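Asker: Protein chains in written order, with our numbering: chain A, 425 to 914; chain B, 425 to 914; chain C, 425 to 914; chain D, 425 to 914.
Read the hints as simulated data drawn from the structure, not as lab findings. A few of these clues could be false.
When chains are identical, the list treats them as one kind, so a pair holds in a single copy or across two.
[To be verified] As a list, the in silico DSS-like pairs of lysine-lysine whose alpha-carbon atoms are at most 27 Å apart:
id: 1; residue 1: 626; residue 2: 484
id: 2; residue 1: 846; residue 2: 896
id: 3; residue 1: 550; residue 2: 626
id: 4; residue 1: 484; residue 2: 550
id: 5; residue 1: 451; residue 2: 550
id: 6; residue 1: 896; residue 2: 557
id: 7; residue 1: 484; residue 2: 582
id: 8; residue 1: 582; residue 2: 626
id: 9; residue 1: 626; residue 2: 905
id: 10; residue 1: 626; residue 2: 451
id: 11; residue 1: 877; residue 2: 626
As the structure is a computational prediction, the values presented were derived from the model and not from experiment.
Number of protein chains: 4
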Amino acid sequence: MPFDFVRSPYALLQDMVGPTPYDGVLKEYEAWWEQEGRAISDAVDRAQTPWVRMFDTAGKRVDEILYPPDYRRMLKQGYRSGVLWRAFRDQTLLPSFLLLYLTSFYDCGLSCPYTVSLSTVLPLSKYGDAAIKERFLPNLLREDDAVWQGATWMTEIKGGSDLGANVETVAVPQGDAWQLTGDKYFASNAGAELAVAAARPKGAPAGVRGLALFLVPRWRRSGELNYTIRRLKDKIATRSVPTGEIELRDSEAYLLGSAEEGIYLILEVLNVSRISNSLGSVALAQRAIADALSFAESRVAFGRRIVEHPMLRTQFDERVRDLRAAFALAWEASRLLNEVWQERRPYSDRYHLFRLLAHLAKYWTAEFAVQTAKWCMEVHGGLGVLAEFRVERWLREAMILAIWEGTAHRQLLDGLEVMERKQAHHTLLQYLAPASGAPEVREIVEAIDAHLKLPIEERERTWEPIGTRFAKVTAEALLQKMPVQKTSAS
Amino acid sequence: MPFDFVRSPYALLQDMVGPTPYDGVLKEYEAWWEQEGRAISDAVDRAQTPWVRMFDTAGKRVDEILYPPDYRRMLKQGYRSGVLWRAFRDQTLLPSFLLLYLTSFYDCGLSCPYTVSLSTVLPLSKYGDAAIKERFLPNLLREDDAVWQGATWMTEIKGGSDLGANVETVAVPQGDAWQLTGDKYFASNAGAELAVAAARPKGAPAGVRGLALFLVPRWRRSGELNYTIRRLKDKIATRSVPTGEIELRDSEAYLLGSAEEGIYLILEVLNVSRISNSLGSVALAQRAIADALSFAESRVAFGRRIVEHPMLRTQFDERVRDLRAAFALAWEASRLLNEVWQERRPYSDRYHLFRLLAHLAKYWTAEFAVQTAKWCMEVHGGLGVLAEFRVERWLREAMILAIWEGTAHRQLLDGLEVMERKQAHHTLLQYLAPASGAPEVREIVEAIDAHLKLPIEERERTWEPIGTRFAKVTAEALLQKMPVQKTSAS
Amino acid sequence: MPFDFVRSPYALLQDMVGPTPYDGVLKEYEAWWEQEGRAISDAVDRAQTPWVRMFDTAGKRVDEILYPPDYRRMLKQGYRSGVLWRAFRDQTLLPSFLLLYLTSFYDCGLSCPYTVSLSTVLPLSKYGDAAIKERFLPNLLREDDAVWQGATWMTEIKGGSDLGANVETVAVPQGDAWQLTGDKYFASNAGAELAVAAARPKGAPAGVRGLALFLVPRWRRSGELNYTIRRLKDKIATRSVPTGEIELRDSEAYLLGSAEEGIYLILEVLNVSRISNSLGSVALAQRAIADALSFAESRVAFGRRIVEHPMLRTQFDERVRDLRAAFALAWEASRLLNEVWQERRPYSDRYHLFRLLAHLAKYWTAEFAVQTAKWCMEVHGGLGVLAEFRVERWLREAMILAIWEGTAHRQLLDGLEVMERKQAHHTLLQYLAPASGAPEVREIVEAIDAHLKLPIEERERTWEPIGTRFAKVTAEALLQKMPVQKTSAS
Amino acid sequence: MPFDFVRSPYALLQDMVGPTPYDGVLKEYEAWWEQEGRAISDAVDRAQTPWVRMFDTAGKRVDEILYPPDYRRMLKQGYRSGVLWRAFRDQTLLPSFLLLYLTSFYDCGLSCPYTVSLSTVLPLSKYGDAAIKERFLPNLLREDDAVWQGATWMTEIKGGSDLGANVETVAVPQGDAWQLTGDKYFASNAGAELAVAAARPKGAPAGVRGLALFLVPRWRRSGELNYTIRRLKDKIATRSVPTGEIELRDSEAYLLGSAEEGIYLILEVLNVSRISNSLGSVALAQRAIADALSFAESRVAFGRRIVEHPMLRTQFDERVRDLRAAFALAWEASRLLNEVWQERRPYSDRYHLFRLLAHLAKYWTAEFAVQTAKWCMEVHGGLGVLAEFRVERWLREAMILAIWEGTAHRQLLDGLEVMERKQAHHTLLQYLAPASGAPEVREIVEAIDAHLKLPIEERERTWEPIGTRFAKVTAEALLQKMPVQKTSAS
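Given these sequences and hints, build the entire structure.
Answerer: Structure representation (structure tokens):
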């Protein structure tokens, strides 16, 4: 079939990115997933929300998260393969991106612990003082199974989009460190050995300007638990990452960077999550197409395999074309992050271009993942809605990708803002100049210029169709800009 | 709010259909749901697939389906309200349609038992001989809790779209009746006292022409079980209807109509399901909008309730407008079914118009339900993906509505066929003539005429975008044709 | 059959207690259970640990416990029937005991909310000052469904037997009330509107002497939650009562009685629980025998119903005889509680006799329930270990009865203590004098006198077989003392 | 502690059996369990009944049993360690017994697949003709992970004790083989590659004399499934073995031995199960004591660790003493089976002695396991009834051991029969002659002689207390006969 490559995330990466120094690692990692990981991931999804063992039999609070034993093997496989340590050894995020893509094809929830660990390592290495780095960084960069995990805890009970209003966790200085008290409501990778958390130093101004970013280890220096897990969230998917509610009570913490610039650090942390979410969404869409393809090749109706039915065949062609465009968008955003993540304020135009692409990518790829997962279920017909065949899993997973790290609504408006303030759409136009897709981009950039002149309420009220088209056109233009693809050329 | 009516299915019916003789019943039924039914429905969904008690302690096969006890109360509420008996007392399907809409707002899975019971009653009353009618019909039309339920069992393991190839159940004459042997793979309302089932009389030709429709009671005349339930399907939603795999083994059965015309009877049964599915999809979309509205009114971000955020406000406006159009499409199709369901071959143009609208409605309303349920989750942000808040339920339910009774793919192609063979799109144009939406319909009808001239493979390959636009335009035109709406006028 | 009465708790009460003014109520209550309650209880057990909805969608902490809706109907049935209010209207605990027995035959977990409500009402009415009684008591004695529930929260994480060492909850005076801070680890009827809780006033001595008993309402005077539920315990049975971990954080509370006598109030609360546990154990054993009987009457092996197999028939005879004796023990203890519960220190000999019987009854009846439930499973053979047939439920329930309110170990030692300190075994001997079983009791009382002369370590080390025999002999002697039984006479 | 050895099944075997050639294997196997197996076993128990995937996406019946992936690793560990192949390589069942004991300490359900595989291998090797042995035996004796599993399917829906009346599966000769049709209701190790099944050849007499034993492979010679799994049983424990309902429909089968002697073959199969059940029960009791010990050493009440409380300390002493006696009984029965299993009719006195001991051991050890598991829960107090701490698991497991392979009732009566017919109690007396416990045995043997003179009904009616005492005395006498125990000597 012309789209045989869709069955293998490694093949897609080869096709779209070309050879990299990590091909051996990726091949081996994919082989592990095919032989062992798939079944483990399936079992973890079935087992639903894991338990927390809050107390041991002696009555001591322990907050152990109880997964089936295989889970730990699956989790460690990515760390060992280098999703964290390679980035630091090789001074490039590329291996992390490649491994995240591959992971997400098999279990997009599992890429969350890797992502938040990366999102802990990056600010720690960039903003941590020497003592803190020396104390914590080596644990996160271990190549063996004793590696620590990171976590990023921002959102509180009143919602994650308006952090300025909703972060009520307070930080109080205490000797050379701080003490944090508050509740984190969507805390990914609950149980991590080291988290970064948003909090407001006592006396700091209201709103986002008063927020700062802190490191919070799992264990106090005294050896006791430094935070407790109130409960794990009963999510409909991404069950490979334990998301919990965290209680910080005079929890030991370490300020990263300066308190005044805290909000920028927080936004930099979100940059990584958005990129990872974009790569994960594309990988998930690829998986859904791959599963639909296998089914359509084996199912017969009206005398032929349904993959040969003309309307369905058209749908496959279009899905695969859109998959490539979505990949191009996510990948370019990733490449830019790799370029700019070490920048400090004032940020360059390149950084603002990255931000724009990150918003477009987060929005567009998740939407594509949801629609593709839905379509995959429809291709399976009645089997698609049976828990037995697990096809419905991809839609559950995709819905979380669409909501985590900011919904479409948020991405569209934040993208609008970076264009208004930084003219990032013009930077994009220059960036794309050689791409054959540019004319369409040029046209929409002009429409955006006009749109930006509207009063704010109306600007937001009527933005969605333009923003959507902008994302689509950008993705297609970026696809043109990618190196020649062997497979599609064949 | 201008769209306050969206919170009540009764209010929407008032608004769109106007007063009917059933307003008292509907009000009471809605009140019951608000007071008791919602919590029961929620508990049934949580409890997931019910158990089958296959054997009693004495080792006798009994195949009881074990729901929480409240389930039965919920189930009987609709029968008592008249979802079946009113249609026969008043000689109109209108009360059934109204009650199905209202049921589906609260539990679209529950409308399945009512629908398949109706789909059993209709062919029985239309095609059954006197003895059969006398024996079975009164049981299904009882107004008390001893009412029997019906069921419609067509699909077998190899799939439901190509019945001609995939129905392997065989019927053998036996005295004044028949014996059926085969396995039904998606058997809605497993455990029903009386089912209609597709089977092929021994010696009948291959393909759809050889199929006939039979009545299959739960109990043999000897008092023994007449069919067994191999297992219930572990569906992701519509848990208010037990869908099972049924084993027919020399099961007593009664032929409906003539064996030669069996396929037409089968298609007539599907007519009812498609209409009910369309009404249910609209009601589900209304529910999702209503839930999104409640949340958006209570959640605050950036200093105001999110319902006041301009982009979200636009989305509400558009969803509600589309809800009305989707309702208009489903309702017109329902009205037509009420007109034509007693027709026999050769069918009138009116019947073919109905068929076209039924395909468009099944396709378009389910798609709308899915997209609206997805959007409702996104409006809820992170809470949307937690099992705790049950918002994710609507997407699970909607996916089943989109797949049951034929996916989009099937509806689009079957709609195409009825236009090719019966020129039903021209009948539609005439039907719509007075409607202000007609110009756009006229335009697309011309496009269809051109499209129908393409060779079959290409015709199907490129049909989807035209078919989609046709459904949308038709819905909007039908909305124009509906009586003045009080609410939207206010 | 000679033991037909075993199928009905009402019949057993008639047989053992004779007519009471509550026969009408009891008959009606039993009829409700047979018609509706059994299925609800079964569904609640299946549904396992209920959910707690900790937060509403607006982010407000609410701690609602989510049972299937029928649960509330089942729960209210007992309150309406008068398990609380009749005791106060009629100034006798008799109706409470009768209703608890009957409840426990059907759902021994459900008798827990009734018991702990009673255990809240009694100390409140006995020790509460006028204002407190006026404020709270009427809510608990309502005859309609707005009735409040009570709860008794003593145990903390380090264990329930050594309260003196393990209660770490601290009470601090605050205006006319107190503030409690601490964690209760096994909190029955979590979510109750009013609880009694053990706490140590700040500055009070260590050990049991420093404990006091407080009333803790669910809601603060400000309308906010006064305590939170950390989680519900995942118990293997008694799922009809939500048992949770409670967090008291500056929770408003009201002292009952004087702080100095707190430990006596706590022990008086436990008196009620032990009695209820004893009645519940006997009722559960009756249920297990009834289920075994039904099965043994329907199952055939080696050519006859297994109830006719000689060895099994002997087992039935013995179980029923032991059931009567266990009932006699539990009932006499109950009757005595009714006599003495209003006593204050210094307690009478009658009170100490009650304490002795309460320990013997708690121990012996629970042991009998466990062994009978085990035997019932064995009678069912393979079906006994299938979740499907629910026979295994009785063993799960019985194990909780054996452990709640103090294990056998605790009851045996506490019984030993009341004999050593108060010579309660001699009071018992006098009490039994007319009973034909007395000679055996006399003999064992002498053995106990000898045993009490042993050094403490040895006394405890070798006590179990004597204590066990003492319980058995006492039960049989009390059975002799009961009024003539119609059924066994027939 | 004097009973430290109780924490390790290997230590107990060393202590009771002394060194064997398998010590290295056993040590390694125990180490694996401690490092990996415990967590897997726990996860399997939590996951409850596994799924059966009945059909693949292409609609083909496949009946795959879906365990978490780790399950297979756990299962294969025992086969690799030699629970089957060593017995054949070394011509002794000793290694099988040792490995079964050790397995059962960690997961007594898992010893079921090993046992039924052994119960398939033994009759196949003893009674199979050359062609059958050559075809099947090597698959079952493989030392790698491609090893086949066996299964033993006797019981049908009407019960397992009266096979003569209840086996309704019919066997019809077909070429060089047979075809079986019927339903097996408790089919352990459903999904096994090769089962032995009881069936009645068409035309054979009614009752047990008409039964024969057949080999039933999973796959027909054509490659299709040879039997189907109707469903897996939802058992309360032993979740490490999939127990199902099996549908045999013209299933290919091979007669073992002669049809006339079938019932003897069936009884020989049950011999192995009873022995394994006895060893498993002792191992389970050891586990429960070990867990109680760990808890009692860590929990403090009234100022000291509860293991030091005098009454509890006595209980530990007695449990450990009884554990040894129970082991002695199970082990002697095992040793005898190793001696006699190759005997054919007419059987020797040694064989009948084995049968008697097997009945006593099955009964007594299971009873001991149940009571010990119950006690272990009580030692844990409230934690004992929480699913979280898994202590309650041992009681669930023990109840299955008490019921599988015949309840106490059955064992007591069958033991009585072998004494009546074969005077096996006298053989036992001779066997025990040198043991110091013999006087008590002699006394009870005389009582039995008297008892055997009673009319049959009365003999059975009053047998239980004598039979119970006989089992206890025999166990203690056998303990005396065992070689000196190092541990108890210290």
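Asker: Are the hints correct? Go through all of them and say.
Answerer: Evaluated hints:
For a Cα distance limit of 27 Å, the shortest separation of residue 626 from residue 484 across copies, 24 Å, qualifies, whereas the shortest one inside one copy, 31 Å, does not. Only within a single protomer do residue 846 and residue 896 lie at most 27 Å apart by alpha-carbon distance; the minimum there is 21 Å, versus 39 Å between protomers. For a Cα distance limit of 27 Å, the shortest separation of residue 550 from residue 626 inside one copy, 25 Å, qualifies, whereas the shortest one across copies, 49 Å, does not. With identical chains, the CA atoms of residue 484 and residue 550 are never at most 27 Å apart, being 37 Å at best within one copy and 37 Å at best between copies.
Taking the shortest alpha-carbon separations for residue 451 and residue 550, neither the intra-copy value of 31 Å nor the inter-copy value of 50 Å comes in at or below 27 Å. Proximity of residue 896 to residue 557 under the C-alpha cut-off of 27 Å is found in neither arrangement, the shortest distances being 41 Å within a copy and 59 Å between copies. Taking identical chains as interchangeable, the C-alpha atoms of residue 484 and residue 582 lie at most 27 Å apart only when they sit on different chains, with a minimum of 9 Å there against 31 Å within one chain. Taking the shortest alpha-carbon separations for residue 582 and residue 626, only the intra-copy value of 20 Å comes in at or below 27 Å, while the best inter-copy value is 36 Å.
In this assembly of identical chains, residue 626 and residue 905 lie within 27 Å of each other by CA distance neither inside one copy nor across copies; the values are 49 Å within and 63 Å between. In the homo-oligomer, the alpha carbons of residue 626 and residue 451 never lie at most 27 Å apart, since the shortest distance is 50 Å inside one protomer and 55 Å across protomers. For a Cα distance limit of 27 Å, the shortest separation of residue 877 from residue 626 qualifies neither inside one copy, at 40 Å, nor across copies, at 66 Å.
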